[in-house]
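Visitor: In case you want the letters, here they are:
Protein chains: 2
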Amino acid sequence: MKKRKPLEGITVVFIGAGNAGTHLADAFRKAGASIPQIVRRTEKGLFTNKFNAEADIYIIAVPDDAIADVVKSMPEVEGIVAHTSGSVSLDALKRFKKHGVFYPIQSLSKKRTLTINAFPICIEGNTDEVAEELMECAGGISKHAYILNSEERMNVHLAAVFANNFSNHMFVVADEILAKNNLPFDLLKPLILETAFKVTEMTPAQAQTGPAMRNDKKTIAKHKKLLTGNKKAAAIYTTVTDGISSAVKKKK
Amino acid sequence: MKKRKPLEGITVVFIGAGNAGTHLADAFRKAGASIPQIVRRTEKGLFTNKFNAEADIYIIAVPDDAIADVVKSMPEVEGIVAHTSGSVSLDALKRFKKHGVFYPIQSLSKKRTLTINAFPICIEGNTDEVAEELMECAGGISKHAYILNSEERMNVHLAAVFANNFSNHMFVVADEILAKNNLPFDLLKPLILETAFKVTEMTPAQAQTGPAMRNDKKTIAKHKKLLTGNKKAAAIYTTVTDGISSAVKKKK
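These protein sequences, in sequence, are chains A and B. Heads up: the first sequence begins at 1 in the working numbering, then just goes up one per residue. Heads up: the second sequence begins at 1 in the working numbering, then just goes up one per residue.
Any given hint could be a false lead.
[Said to hold, decoys possible] Just a sample of chain B residues kept apart from chain A, beta carbon distances all over 10 Å, derived:
#1 Lys5
#2 Pro6
#3 Gly9
#4 Gly32
#5 Gln37
#6 Phe51
#7 Ala53
#8 Asp56
#9 Pro75
#10 Glu78
#11 Met135
#12 Val199
#13 Glu201
#14 Pro211
#15 Lys222
[To be verified] Calculated cross-link-like contacts (lysine-lysine; reagent style DSBU-like; alpha-carbon spacing at most 30 Å):
#16 A:Lys251 / B:Lys111
#17 B:Lys251 / A:Lys225
#18 B:Lys50 / B:Lys3
#19 B:Lys249 / A:Lys250
#20 B:Lys225 / A:Lys72
#21 A:Lys72 / B:Lys222
#22 B:Lys222 / A:Lys232
#23 A:Lys111 / B:Lys189
#24 B:Lys3 / A:Lys232
#25 A:Lys232 / B:Lys218
#26 A:Lys218 / A:Lys232
#27 A:Lys232 / B:Lys249
#28 A:Lys111 / B:Lys218
#29 B:Lys249 / A:Lys224
#30 A:Lys218 / B:Lys111
#31 A:Lys224 / B:Lys250
#32 B:Lys143 / A:Lys189
#33 B:Lys5 / A:Lys224
#34 B:Lys231 / A:Lys217
#35 A:Lys251 / B:Lys180
#36 A:Lys97 / B:Lys218
#37 B:Lys5 / B:Lys111
#38 B:Lys225 / A:Lys225
#39 A:Lys232 / B:Lys225
#40 B:Lys249 / A:Lys111
No wet-lab data here; the hints were simulated from the structure. Where a beta carbon is used, it is the ideal one built from N, C-alpha and C, also for glycine.
Work out the full structure, taking the sequences as your base and the hints as a guide.
Guide: Here's what the structure looks like:
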């Protein structure tokens, strides 16, 4: 007997075919869900194709600032309507009787293949039943699904901005410093991977090292001198060094 | 016939048994080098055991601010004396006829096992011969060894501070935000791993996403509001957001 896939029998329509939409549709399909339609949208949030399928769940996977327009343009539907945003509140969908949030905590890009379970999912629903239904779906594509309210989710999103966007900008600055000296970014790749692996085994506070952590003023002064002429990087150096120092003091 | 290991016949004495010393000694041993002695030091840079072995290379693997004291306390030696610091100049060892630098670009901690080749090595020597000899050694424990002068190495070290120490501090702040909301750091682990993997496949500039990148003022304002009362994190948020914005403008 063929094993039943976890989301067999569930019908999901996607609105938006960007990074998040593409990855999620893929994950749902692999988990057995039926996806009769992916509704694409234009720049203005209008649809390039018409809704022609009934679904249990409609997932709006568009940029935050396009959600309001998409909501306005959608027909009345019976199923649950959920958006995938970390920072837009549940209320943005209150037009629909059953509405919720399906926020994957991951940096999704079309170029990268992710394994299932590589994105924890934060769920919210306007009723307990909606939340439960969305949790079932989330459980079909990820081992890590959590029910969070809008404020908690917003804080997760903020934390994710630090963990992903901001740490990536640290790599951007590092790359600039190397490029200015005709040195390849490859030099740092093993270090960057190790930095990430480390915090899967110990807390980030335990993993902290470096001149700021040691209060090594001599090295900090040398670094600041090297950053003369690179105002933005110098500002980051000062602010983050200060942040590390006070985190160390708090720990003591 | 047993295959000859790359560093067979080479004798290395280590000064310092901390994170870097332990990992490097381990890598040298695996590559076939003979390590007759690891000289431990006290807090003041004095030695707890006496030098009792002749060696081809003496590797000083101690914190930056202890190097000067170690140099003073060492006997005259015939072999190459090299330190492992990213930010201390070659000249710190000029007391010795043959001196150099053996700087592994990695965050080494005793608790973590690293595979060989997981740390690129930057080499410098006071003569071409010294540099060549150290390059041979580096080649025995890593596929990625580079000859860099002191200024280049200092820039690599600065870039490594951004890529490792500073990105780790972003994880510290993220952890604080989650903890304040009673949410587990586990939520962010897949995202952090993906952030690191991404820049092994594309440039950090290409990998950049997020509200600052999109100039999404609404989300940025929401985040700043959430950070009220957390001055250090708010300062980092503002400075890094500003850094991302101007990096985006430069790219255009």
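Visitor: With reference to the structure, classify each hint as holding or not holding.
Guide: A quick look at each hint next to the structure:
no., hint, verdict
1, Lys5, "holds, 22 Å"
2, Pro6, "holds, 19 Å"
3, Gly9, "holds, 28 Å"
4, Gly32, "holds, 22 Å"
5, Gln37, "holds, 27 Å"
6, Phe51, "holds, 27 Å"
7, Ala53, "holds, 30 Å"
8, Asp56, "holds, 26 Å"
9, Pro75, "holds, 27 Å"
10, Glu78, "holds, 31 Å"
11, Met135, "holds, 15 Å"
12, Val199, "violated, 5 Å"
13, Glu201, "violated, 7 Å"
14, Pro211, "violated, 7 Å"
15, Lys222, "violated, 6 Å"
16, A:Lys251 / B:Lys111, "holds, 20 Å"
17, B:Lys251 / A:Lys225, "holds, 25 Å"
18, B:Lys50 / B:Lys3, "violated, 35 Å"
19, B:Lys249 / A:Lys250, "violated, 37 Å"
20, B:Lys225 / A:Lys72, "holds, 28 Å"
21, A:Lys72 / B:Lys222, "holds, 23 Å"
22, B:Lys222 / A:Lys232, "holds, 23 Å"
23, A:Lys111 / B:Lys189, "holds, 20 Å"
24, B:Lys3 / A:Lys232, "violated, 52 Å"
25, A:Lys232 / B:Lys218, "holds, 23 Å"
26, A:Lys218 / A:Lys232, "holds, 21 Å"
27, A:Lys232 / B:Lys249, "holds, 13 Å"
28, A:Lys111 / B:Lys218, "holds, 28 Å"
29, B:Lys249 / A:Lys224, "holds, 24 Å"
30, A:Lys218 / B:Lys111, "holds, 28 Å"
31, A:Lys224 / B:Lys250, "holds, 22 Å"
32, B:Lys143 / A:Lys189, "holds, 13 Å"
33, B:Lys5 / A:Lys224, "violated, 43 Å"
34, B:Lys231 / A:Lys217, "holds, 23 Å"
35, A:Lys251 / B:Lys180, "holds, 16 Å"
36, A:Lys97 / B:Lys218, "holds, 26 Å"
37, B:Lys5 / B:Lys111, "holds, 26 Å"
38, B:Lys225 / A:Lys225, "violated, 34 Å"
39, A:Lys232 / B:Lys225, "holds, 23 Å"
40, B:Lys249 / A:Lys111, "holds, 24 Å"
In this structure, the hints that do not hold are numbers 12, 13, 14, 15, 18, 19, 24, 33 and 38, in rising order.
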